[in-house]
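K.L.:
Read off the chains here:
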Amino acid sequence: MNEITPYEQLIAEKLHQVPVPDMADGIWSSIEMQLDAPADVPDGSDGSGAPDVPNAPAQGSVSIFKGIGWYGLAGIVAVVVLLWWYFGHKAPEKHERPSVVPPAVERPSVVPAPVESPPAPVEDSHTTDKPGKKKIVPVAPDEVKKDTVLFRGVPKDSVRVDSGARQNLLPAKTDSSSLQKNRIPIPDDDPGYAPLPVRPKKPKGVKGITSDDYKISAGKDSLKKKN
Amino acid sequence: MYRQLYGFAMAIAMRYAIDEHEAADILGHAFVKMFRSIHSYDATKGNFHGWLKKIVINESLDHIKQRSQFSNLMLDTAEEPHVNNDIIERTDAAAILELVRQLPRATHAVFVMYAIDGYTHKEIAAQLNISEGTSKWHLSEARKILQQKINALKI
Numbered sequence: 001m002n003e004i005t006p007y008e009q010l011i012a013e014k015l016h017q018v019p020v021p022d023m024a025d026g027i028w029s030s031i032e033m034q035l036d037a038p039a040d041v042p043d044g045s046d047g048s049g050a051p052d053v054p055n056a057p058a059q060g061s062v063s064i065f066k067g068i069g070w071y072g073l074a075g076i077v078a079v080v081v082l083l084w085w086y087f088g089h090k091a092p093e094k095h096e097r098p099s100v101v102p103p104a105v106e107r108p109s110v111v112p113a114p115v116e117s118p119p120a121p122v123e124d125s126h127t128t129d130k131p132g133k134k135k136i137v138p139v140a141p142d143e144v145k146k147d148t149v150l151f152r153g154v155p156k157d158s159v160r161v162d163s164g165a166r167q168n169l170l171p172a173k174t175d176s177s178s179l180q181k182n183r184i185p186i187p188d189d190d191p192g193y194a195p196l197p198v199r200p201k202k203p204k205g206v207k208g209i210t211s212d213d214y215k216i217s218a219g220k221d222s223l224k225k226k227n
Numbered sequence: 001m002y003r004q005l006y007g008f009a010m011a012i013a014m015r016y017a018i019d020e021h022e023a024a025d026i027l028g029h030a031f032v033k034m035f036r037s038i039h040s041y042d043a044t045k046g047n048f049h050g051w052l053k054k055i056v057i058n059e060s061l062d063h064i065k066q067r068s069q070f071s072n073l074m075l076d077t078a079e080e081p082h083v084n085n086d087i088i089e090r091t092d093a094a095a096i097l098e099l100v101r102q103l104p105r106a107t108h109a110v111f112v113m114y115a116i117d118g119y120t121h122k123e124i125a126a127q128l129n130i131s132e133g134t135s136k137w138h139l140s141e142a143r144k145i146l147q148q149k150i151n152a153l154k155i
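From first to last, the protein sequence lines are chains V and S.
Letter 47 of the first sequence, counting from 1, is numbered 47 in the working numbering, and no numbers are missing.
Letter 13 of the second sequence, counting from 1, is numbered 13 in the working numbering, and no numbers are missing.
These are calculated hints, taken from the structure and not from any lab test.
We put the beta carbon where it would ideally sit given N, CA and C, even for glycine.
Each hint can be trusted.
With the Cβ distance kept under 8 Å, some of the chain V side facing chain S (calculated, not the full set):
hint	residue
1	Leu10
2	Ile11
3	Ala12
4	Lys14
5	Pro21
6	Gly26
7	Trp28
8	Ile31
9	Gln34
10	Leu35
Go ahead and model the full structure; you've got the sequences and the hints to work with.
P.N.:
What follows is the structure, encoded as structure tokens:
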């Protein structure tokens with residue numbers, strides 16, 4: 001089993017005598033193709049090393065050019081994206097800005113709602129709230145403010161105006177307590193504000209008390225009760 | 001260089017291939033490997049023809065492995081077939097090669113490696129990733145089939 005039999009030796013001799021087909025040229029062409037395909041990248045030719053020198057810089061320049069091209073494309077894309085982002089976000093801001101202007105006009109109208117005295121703090125709260133609102137909901141508050149102004153001019157529907165304004169000022173309700181305290185000293189300071197028509201609401205309950213009593217009783221009691 | 005080695009290498013590839021086209025394919029890949037790794041040739045380990053022969057045989061076995069599956073078969077003992085040597089001597093080499101090529105692919109490879117190129121069963125097992133018993137089984141199968149075919153030539 002482990003030895004070669006005589007007939008196998010004869011077969012081996014016969015196989016060594018097998019004529020070889022003349023396919024040398026065809027096989028060589030395929031060999032050249034296989035050798036040239038991967039060899040083109042590093043060398044450029046199989047035999048001489050001379051062509052290697054010119055090929056190397058050429059490939060380097062091409063790669064550098066391609067690299068620059070990619071960087072250029074990336075830069076252009078980045079610029080386009082930045083411009084798009086800038087104008088895309090700037091457009092809504094422009095809309096908000098006009099809305100910001102009307103609130104300034106409304107300030108007097110809103111300030112009167114808290115009544116004469118607290119205009120200063122109330123105005124501050126509005127101004128502080130408005131910029132925050134501008135970023136979040138710029139359009140809605142603007143329209144409301146415009147409407148409130150118009151209502152004020154026609155009749156004295158201050159109640160509706162105040163309700164609207166207070167809706168916007170809901171977060172500032174905490175300030176209302178402080179405003180009540182400050183109302184007394186400030187009313188004399190706020191005569192400059194035109195939106196006095198709104199004053200009647202809150203002053204109605206306060207009018208019965210003198211200015212001195214109102215200051216003492218209202219400030220101390222309210223604070224004690226709350227605490 | 002290629003021209004000088006073509007006949008020697010092509011004769012090896014022809015033994016393992018089932019036709020001339022496959023032999024040409026094997027030879028092309030073998031020469032490509034030879035040219036790419038010629039720098040690794042060590043003359044102290046053997047002559048150049050022996051080195052090229054290994055490359056061609058390895059390439060041939062790679063082709064065979066891709067196209068056939070070597071099942072794991074065990075064979076400890078087998079009867080040696082009786083073949084009339086006169087028939088082989090009178091038969092044309094090309095006809096003998098055709099008989100060998102008619103063997104199953106794995107059996108063909110094992111028979112050529114063992115009987116023609118002088119590999120041992122251990123070396124064949126290592127080359128084809130099979131056991132020595134499997135190599136022996138393939139050799140036994142090759143002998144049986146060739147006995148039948150050669151005896152058929154007598155008729």
